[in-house]
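Same order as they appear, the protein sequences are chains A and B. The first sequence begins at 1 in my numbering and counts up one residue at a time. The second sequence begins at 67 in my numbering and counts up one residue at a time.
The set of hints was computed from the structure by calculation and includes no laboratory data. One or more of the hints may lead you astray.
[Said to hold, decoys possible] No farther apart than 25 angstroms at their CA atoms in a straight line, the calculated lysine to any residue pairs in the SDA-like style are these: (1) B:244 / B:114; (2) B:239 / A:16; (3) B:239 / A:65; (4) B:244 / A:35; (5) B:239 / A:38.
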Amino acid sequence: LRDAADVITLRRYTVPSVHRRATVVALAAVCGCGLVLLSRSTAEVSSFVLLVIAAIVAGLSGLWSP
Amino acid sequence: MVGTMLPIGYGERLQGRARRSLEAYAIGSVVGAGSLGLLVSELGGLIPVEGQDRLELALGVTGIVAVLYGLSDASLVRVPRPQAGWQVPTRWYRRFRPELTGLLYGVGLGVGLATRIQVSTFYLLPLWCLLTGNVAWSVFTLSMFGVGRFLPLLIIGTERGGDVQALESLIGKLEEFKPLVTFGNGIILTFVGAYLFATVWT
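Using the sequences and the hints, build the whole thing.
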């Protein structure tokens with residue numbers, strides 16, 4: 001929780017352990033699969049929406065380019 | 067790019083001119099990224115698969131690639147990251163007018179493929195455009211990448227563009243959070259990848 005507070009307040013970021021990273025990524029994968037069951041739109045439309053979000057995230061990450 | 071584009075805009079303001087370079091950068095980013103979407107989706111039109119099979123191919127392959135790169139961005143596995151590594155030349159801002167410099171930087175970085183690829187999420191976009199071959203959706207999706215590239219610069223430029231000390235402090239702070247951005251992209255990639263892959267089986 002202290003680490004999360006440090007990140008939210010932009011104080012510092014400590015790279016989590018492999019175990020934590022793996023847990024978070026596995027959770028993201030489960031949520032992704034779970035969303036398929038909840039989604040009511042067609043695969044074409046929902047994947048397009050997700051790809052647009054991913055595109056914006058990739059663009060924003062360009063802020064860290066040299 | 068913050069450290070290059072914002073001082074150009076600041077210089078324009080010092081000379082009493084409107085900061086056209088940032089607007090030109092925004093236009094260049096969207097046009098460059100959209101052009102890549104157009105090119106790749108047109109190439110995708112050559113793939114001889116149509117209809118539902120094509121959609122499943124796009125979902126399956128993009129899903130697997132997204133999960134792999136997600137694990138890579140989370141530093142859990144190593145996946146090759148092909149990239150050109152070219153950098154937009156710094157001499158452009160001495161040679162050209164600020165507006166043209168902004169436009170050229172925008173196009174160069176908006177295309178994305180020629181320069182260093184910061185996060186793996188980018189790989190997903192041209193791959194998806196190629197496999198779906200849908201021109202309109204591809205141009206729109208990659209244009210959103212361009213929007214994502216210029217939006218923070220416009221916001222920071224408006225808020226702190228004239229305060230050099232604040233800008234330097236911000237750049238330093240941003241650098242500290244680079245690993246978080248990569249990890250965050252890893253989480254998003256895995257989420258999107260799992261979703262895309264799972265849709266094939268439902």
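Here is how each hint holds up against the structure:
1. B:244 / B:114: Cα-Cα ~41 angstroms, so violated.
2. B:239 / A:16: Roughly 19 angstroms between the alpha carbons, so the hint for residue 239 of chain B and residue 16 of chain A holds.
3. B:239 / A:65: 14 angstroms, holds
4. B:244 / A:35: Given that 25 angstroms is the threshold and the Cα spacing comes to 28 angstroms, the pair is violated.
5. B:239 / A:38: 39 angstroms, violated
Violated hints for the displayed structure, listed by number in ascending order: 1, 4, 5.
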